[in-house]
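Participant: Listed below are the residues making up each chain.
There are 2 protein chains.
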Amino acid sequence: MSESMIIASTLDELYHARQYLDGPVGLVPTMGYLHNGHISLVRQAKMECKNVIVSIFVNPTQFGPNEDLSNYPRNMEQDLRLLENAGVDIVWTPTSEIMYPPGYQTWVEVETLTKPLEGSMRPGHFRGVTTIVSKLFNAARPDKAYFGQKDAQQAAVIRQMTRDLSYPIEIVVCPILREADGLAMSSRNTYLSVEQRQAAPVLFRALSTAKTAFDDRERNAEKLRQVVKDVLSAEPLARLQYVSCADYDTLEELDVITGRALLSLAVFIGKTRLIDNIILG
Amino acid sequence: MSESMIIASTLDELYHARQYLDGPVGLVPTMGYLHNGHISLVRQAKMECKNVIVSIFVNPTQFGPNEDLSNYPRNMEQDLRLLENAGVDIVWTPTSEIMYPPGYQTWVEVETLTKPLEGSMRPGHFRGVTTIVSKLFNAARPDKAYFGQKDAQQAAVIRQMTRDLSYPIEIVVCPILREADGLAMSSRNTYLSVEQRQAAPVLFRALSTAKTAFDDRERNAEKLRQVVKDVLSAEPLARLQYVSCADYDTLEELDVITGRALLSLAVFIGKTRLIDNIILG
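Just so you know, the sequences run in chain order S and Z.
According to the numbering used here, the stretch in the first sequence is residues 1 to 281, in order.
According to the numbering used here, the stretch in the second sequence is residues 1001 to 1281, in order.
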């Protein structure tokens, strides 16, 4: 299974191609419009698994009614070229009609971890994420699945779901890939105008400034949040939606950092919503 | 894998034993206290699959607060003997702590099909059923899974869940097994006193009388429900909870039967709640 990449669209095509994979299978779920962050997940999967499946599906159920589903960037031709070059065995590109046929009525929900942060800003988002990821797991039956630390809460939610639903799947979370100026790679960066793109590194600058304070022994969570706010308020194109300093495992907001913490934020640059995070400790 | 039956308790024991199964796998989920109805599912699985896994787990999340979880009958020793005789490869007997560890927070829900009938009488029941069956599917990765027609709505809900969540699993629903006097086999029959046991065949007699009317061309659903009520009202030990004449696929109540219909009922005999059903057309 290394010469030619199989492109599966229907479930039967995927099941059929999956049957012939003869070793550990790594799955990399994506919404396409692939960048180096995605490719780093594929490379990690290639290193750890004999076979790699990548799914490309812009999942409608994880977008809110006022979000960017219809505008979400797509470039299937380029995605397939990148994945073929990366040595992927199977690319699965289902349609919405295949994933959510008429009469569809089943949902997978993680209750507690989905409440704060992205969950509070994007109602229903994580129900869409856990449902589609569960479907991808069921259909592709991987041994390992790869997600980016950029979506930190998503990674935590999927780890919880995987454990709770007894999947024999190891969740591998890979580090954030950044542009030279620190902006976390994201398909949504393409929405930014030239001027907005120049302002966008402020997210990572704010996180890094707080990280420096943490490394200088600041353990008061509210003071670290304030550092983030101060850096962001100096950038007129940026509008902070939330900044969080939370326990890494439970995502509960902290007063004082004692163990590992997740410092994360969501920022609007114009109409584009960007998220980023950094791990403390 | 035919000489000796493996008994797995933890997830790791199951995953490990599962790895060595080298052909199609059939799964028979049970709550134990096995009767001939269960064994008929195992036999069907043995005929169709090279390997058979049976799970025994009295799933707490599908019992309501006022239901019979703590009294539910158990006989593990006899169950294991029956399954070994039936040629089962793996018996999986997890504990509640394994299936629902501290911090557990993930649920699988089927929305529409779970609303009427058993769903309306037993709030939360089907959420517990679909969650545990999904966990069994994930952990055992079967090719086919076997359920009894006795729990007709459960079979419909699991078929829907399996399709919706993209499981590459075929759901096989096997006919109801009955005692000589017509009573549908059920672990709960053991709750009945001698007198109650003598009254219990009234469920099947009521369904059969309505079936005779259907075979004599009665297509008015309300008239068929009335036939059931009339037969039941003649049995002083029986108290009808509901009788339904619904579309076989959607479980929506019918006025007139045109296609395949499900005639089903729930009856209390003393404190014991029994269900039964018959397919019309």
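Hints in this document: simulated from the structure, not taken from any laboratory.
For every residue, glycine included, the Cβ atom is placed at its ideal position computed from N, Cα and C.
Treat the hints with care, as some may be off.
DSBU-like mimics (lysine-lysine), calculated; alpha carbons at most 35 angstroms apart, straight line [claimed, not checked]:
hint	chain 1	residue 1	chain 2	residue 2
1	Z	K1211	S	K144
2	S	K46	Z	K1144
3	S	K144	Z	K1046
4	Z	K1050	S	K46
5	S	K223	S	K144
6	Z	K1115	S	K50
7	S	K46	S	K144
8	Z	K1150	Z	K1211
9	Z	K1115	S	K115
10	S	K50	Z	K1144
11	Z	K1050	S	K144
12	S	K50	Z	K1046
Here are the in silico distance ranges between beta carbons for each label pair [unchecked claim]:
hint	chain 1	residue 1	chain 2	residue 2	range
13	S	E195	Z	D1249	52 to 58 angstroms
14	Z	E1084	S	P24	43 to 49 angstroms
15	Z	M1047	S	G23	30 to 36 angstroms
16	S	E97	Z	T1095	50 to 56 angstroms
17	S	D247	Z	N1036	48 to 54 angstroms
18	S	M47	Z	Y1242	28 to 34 angstroms
Quick look at which bits of chain Z chain S covers, simulated, 3 or more residues with Cβ under 8 angstroms [claimed, not checked]:
hint	segment
19	1109-1117
20	1134-1148
21	1164-1174
Participant: Are the hints correct? Go through all of them and say.
Facilitator: Verification of the supplied hints:
1. Z/K1211 <-> S/K144: The given pair, whose Cα atoms are some 52 angstroms apart, is violated under the 35 angstroms limit.
2. S/K46 <-> Z/K1144: holds (31 angstroms)
3. S/K144 <-> Z/K1046: Given that 35 angstroms is the threshold and the Cα spacing comes to 31 angstroms, the pair holds.
4. Z/K1050 <-> S/K46: holds (33 angstroms)
5. S/K223 <-> S/K144: violated (38 angstroms)
6. Z/K1115 <-> S/K50: violated (44 angstroms)
7. S/K46 <-> S/K144: Holds: S/K46 and S/K144 sit about 11 angstroms apart, inside 35 angstroms.
8. Z/K1150 <-> Z/K1211: holds (16 angstroms)
9. Z/K1115 <-> S/K115: holds (26 angstroms)
10. S/K50 <-> Z/K1144: holds (27 angstroms)
11. Z/K1050 <-> S/K144: holds (27 angstroms)
12. S/K50 <-> Z/K1046: Satisfied, since the Cα-Cα distance of roughly 33 angstroms is no more than 35 angstroms.
13. S/E195 <-> Z/D1249: 52 to 58 angstroms: Since the Cβ atoms of S/E195 and Z/D1249 sit about 57 angstroms apart, the hinted range of 52 to 58 angstroms holds.
14. Z/E1084 <-> S/P24: 43 to 49 angstroms: Check failed, 33 angstroms falls outside 43 to 49 angstroms.
15. Z/M1047 <-> S/G23: 30 to 36 angstroms: holds (31 angstroms)
16. S/E97 <-> Z/T1095: 50 to 56 angstroms: The hinted range 50 to 56 angstroms is violated for S/E97 and Z/T1095, with Cβ atoms some 41 angstroms apart.
17. S/D247 <-> Z/N1036: 48 to 54 angstroms: 52 angstroms Cβ-Cβ, so the 48 to 54 angstroms window holds.
18. S/M47 <-> Z/Y1242: 28 to 34 angstroms: violated (58 angstroms)
19. 1109-1117: holds (count 5)
20. 1134-1148: Coverage by chain S holds for the segment 1134-1148 of chain Z (7 residues, Cβ < 8 angstroms).
21. 1164-1174: holds (count 5)
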